[in-house]
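2 protein chains.
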Amino acid sequence: MKRIMIAAAALSAATAGLALAQQKPEAEIRYRQSVMNVIGRAMGPMGAMAQGKAPFNAAVAQKNSALVETMLALPWDSFGPGTDKGAPTKADLKIWKETAKFRQGSEATQKAAASLAAAAKTGDEGKFKAAFGELGKTCKSCHEDFQLKQFRN
Amino acid sequence: MKRIMIAAAALSAATAGLALAQQKPEAEIRYRQSVMNVIGRAMGPMGAMAQGKAPFNAAVAQKNSALVETMLALPWDSFGPGTDKGAPTKADLKIWKETAKFRQGSEATQKAAASLAAAAKTGDEGKFKAAFGELGKTCKSCHEDFQLKQFRN
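Chains as they are written, first to last, in the working numbering: chain A, 4 to 156; chain B, 4 to 156.
Some hints could be false.
You can't tell identical chains apart in this list, so a pair holds if it fits in one copy or across any two.
Stated by the list, open to error - With a cut-off of at most 35 Å between alpha-carbon atoms, the simulated DSBU-like pairs for lysine-lysine come out as follows: (1) Lys-124 with Lys-88; (2) Lys-66 with Lys-114; (3) Lys-130 with Lys-66; (4) Lys-56 with Lys-88.
Keep in mind that the hints were calculated from the coordinates and are not lab data.
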């Protein structure tokens, strides 16, 4: 809590109204990696079900798809100007050059995540699998375009 | 997406039904740190408002308190047996000795987060501030008991 209070105190009144106030580059890099890590964990059980490696469980699908939808709203502002370096990252420098394309990708994946959450709510396995496949395509496309294979400094 | 698919494939059918399937200790440590990082970021703007360093904004309070409530459901299973080491961590070894007390703390903070989210929904600044203070107490208490000041290996 002490750390939280210090972090809170560091936020000026001007920026506190923003959901993602600009912080130091290393903090932004860590934040977006944290968000992606939480997303990856939530994708795991859904991927197993989508591939038939685990039996379909509607509750698991709903819980994890809702979490992915929530989390996918968070990381994009942490790719702002000046956050291209500052800590080891797999973020390709193209992110800061092809910003329109990157934004397009972020919007596509958020839309696909919303569709997956809606599909999961129906409890229909087929709809879930189809929507999961669509979300997977948006993940893959953006990672292929903008994620390096190795960490860079 | 490739990483996600690999992670998904690694999950056995038996464990995929669990929201938080047991993974390697370093993955569990990274996951719980990721979750705490996302929580910390969401606490920032709320702390600023609670301390009067930023004007109260009901939408910001609602959004961030809902996120904290969602996130606070996630990290606890990643403190399971065998996850006391494996990567740099501030987790005190007491977590694995005083498990009942740790669980009690995790339940208290989740309850406080739910109360904060409910208070934020009312749009009442006083209720928000009071509930934020209560949540802060649960954070502080558990961090004092179970979080080291420095990372250990």
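Structure-inconsistent hints, enumerated in ascending order: The structure breaks only hint 1.
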